[in-house]
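As you go down the protein sequences, you meet chains P and F in turn.
The first sequence begins at 1 in the numbering used here and counts up one residue at a time.
The second sequence begins at 1 in the numbering used here and counts up one residue at a time.
Take these hints with a grain of salt, some might be off.
Here's a subset of chain F near chain P, in silico, CB distances under 7 angstroms, partners left out [unchecked claim]:
1. L64
2. Q95
3. S191
4. E198
5. E200
6. E205
7. T212
8. F213
Taking beta-carbon pairs under 8 angstroms as the criterion, some of the chain P residues facing chain F (in silico) [claimed, not checked]:
9. L15
10. V18
11. I20
12. P115
If you are wondering where the hints come from, they were derived from the structure by calculation, not from laboratory data.
Using N, Cα and C, we set each Cβ at its ideal position, and we do this for glycine too.
Single-letter residue listing:
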Amino acid sequence: MYMAGRGMRALGIDLSPVAIRQAREWAEREDASARFEIADCAELPIADECVSAVVAWETLYYGTEQRVVQSLAEMLRVLQPGGYFLALLKSKQDSRFHSYEHISEHTCMSEQGLPMTCFDREDIQTLLGEKTDEVGIEVLAHSLDNGRTMIWNFVVTGRKG
Amino acid sequence: MTKDSGSWEQYHEDLEASGHALLWPDEFVIRFLCAAIRPRGQRRVLEVGCGAGRHVVLFAKEGLEVVGTDIAKSALDFARRRLDEEGISGVALEQAHAAELPFTDASFDALLAWRFLHVLSREDAERAVHEVRRVLRPGGSLLVGTRSPRSTHYALAQQGLGETADFNYENGQLSKRALADVYYTREELESLFAEFKELEIEHVEWTRQNGTFNVAYWSVSAVR
Chain P
1 MYMAGRGMRA LGIDLSPVAI RQAREWAERE DASARFEIAD CAELPIADEC VSAVVAWETL
61 YYGTEQRVVQ SLAEMLRVLQ PGGYFLALLK SKQDSRFHSY EHISEHTCMS EQGLPMTCFD
121 REDIQTLLGE KTDEVGIEVL AHSLDNGRTM IWNFVVTGRK G
Chain F
1 MTKDSGSWEQ YHEDLEASGH ALLWPDEFVI RFLCAAIRPR GQRRVLEVGC GAGRHVVLFA
61 KEGLEVVGTD IAKSALDFAR RRLDEEGISG VALEQAHAAE LPFTDASFDA LLAWRFLHVL
121 SREDAERAVH EVRRVLRPGG SLLVGTRSPR STHYALAQQG LGETADFNYE NGQLSKRALA
181 DVYYTREELE SLFAEFKELE IEHVEWTRQN GTFNVAYWSV SAVR
């Protein structure tokens, strides 16, 4: 909605039909040009190299490691050369990574039964690999519950080479 | 980044000129609006240290009755310009020191002082907290932000680096004014806000320059 409001051709995707319905209702109320579709970020219904920018905020870390890696690959696949991305990934320093049960080296199981995949800085550099230039990795963290839980994320930006 | 001569008047002038002025509301202030102000049906909000007005604009767009104060007239001028550009009227902006708020007792439902307390001396901060409690109605919502000792700024200040007007993140220099910032521990904040109810203190941090520069704040929320 924000991007459409700034004159961009914006497409929002989500697996949840409820979320897409709510988003479409909002766009209709505001008479906004933003489009919303039900789709899977690990299997984007979009051709290669036809998007100029991708944003993946707050969603990319729920899933198995394989699913997250696949989603990052999809993100890079649909991006035009020179296109930018912004993704929020979860850090191993997130306090839940230590308290939740692990199902693999990078993945733990949340209380809601959702797998949550966490990386460290070096992992992210490796994952983005040679396809990405200008990689920026910043920490974005905050506590909850009067400091008892630490949410620890990475804000990752880059440009497709 | 911005030059900083040491005066808040000049700080805001330079910030606007540099194009780095903060435009968008902070996520934690948005949460304050959604999780505290809206559900409590609160209408009249004061922002102390409103700067160039990014949160005043947020609250006004929400349809609240907003008042903003700042010690720098230049900041208030920029805030007024932003409000005019957005076509927002009815917002009062007043020049005031946080330790001496020009309002009657219990005249606000909610009060915001975001990324703010560290600029006051410890004595002024104590006075400001009393003032905040005085102007808030019982049951009023409060959100205060202040720099945390996990800031790289704190490390630089400890090393005595700075005392220069040419502040920028790259040269690791701090302005004289930034060197005077006060950093609180969680325990000190608990003590400072002891007269408030439902005190919740969270820590927020993010990095710049590929993780090498840490920006860190305490987010203190409470009920009067």
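Each hint tested on the structure:
At a threshold of 7 angstroms, the smallest CB-CB gap from L64/F to chain P is about 21 angstroms, leaving the interface hint violated. Proximity of Q95/F to chain P is violated relative to the hint, the smallest CB-CB distance being about 32 angstroms (cut-off 7 angstroms). Against a cut-off of 7 angstroms between C-beta atoms, the interface hint on S191/F is violated, since the closest Cβ of chain P lies about 15 angstroms away. Annotation: E198/F was flagged as interfacial toward chain P, and the flag is violated, the nearest CB pair being 10 angstroms apart, outside 7 angstroms.
At about 5 angstroms, the closest approach between the beta carbon of E200/F and any beta carbon in chain P falls short of 7 angstroms, and the interface hint on this residue holds. The beta carbon of E205/F comes within 5 angstroms of a beta carbon in chain P, closer than 7 angstroms, and the hint placing it at the interface holds. Hint status for T212/F: violated, given a least beta-carbon distance of 10 angstroms to chain P, over 7 angstroms. Because the beta carbon of F213/F sits about 9 angstroms from the nearest beta carbon in chain P, more than 7 angstroms, this interface hint is broken.
Below 8 angstroms, beta-carbon pairs count as interface contacts, and L15/P has none with chain F, the closest being about 24 angstroms; its hint is therefore violated. A least Cβ separation of about 19 angstroms between V18/P and chain F goes past the 8 angstroms threshold, and the interface hint is therefore violated. Evaluation of the I20/P hint against chain F yields a violated restraint, the C-beta minimum of about 22 angstroms exceeding 8 angstroms. Annotation: P115/P was flagged as interfacial toward chain F, and the flag is violated, the nearest CB pair being 26 angstroms apart, outside 8 angstroms.
When each numbered hint is compared with the structure, violations occur for hints 1, 2, 3, 4, 7, 8, 9, 10, 11 and 12.
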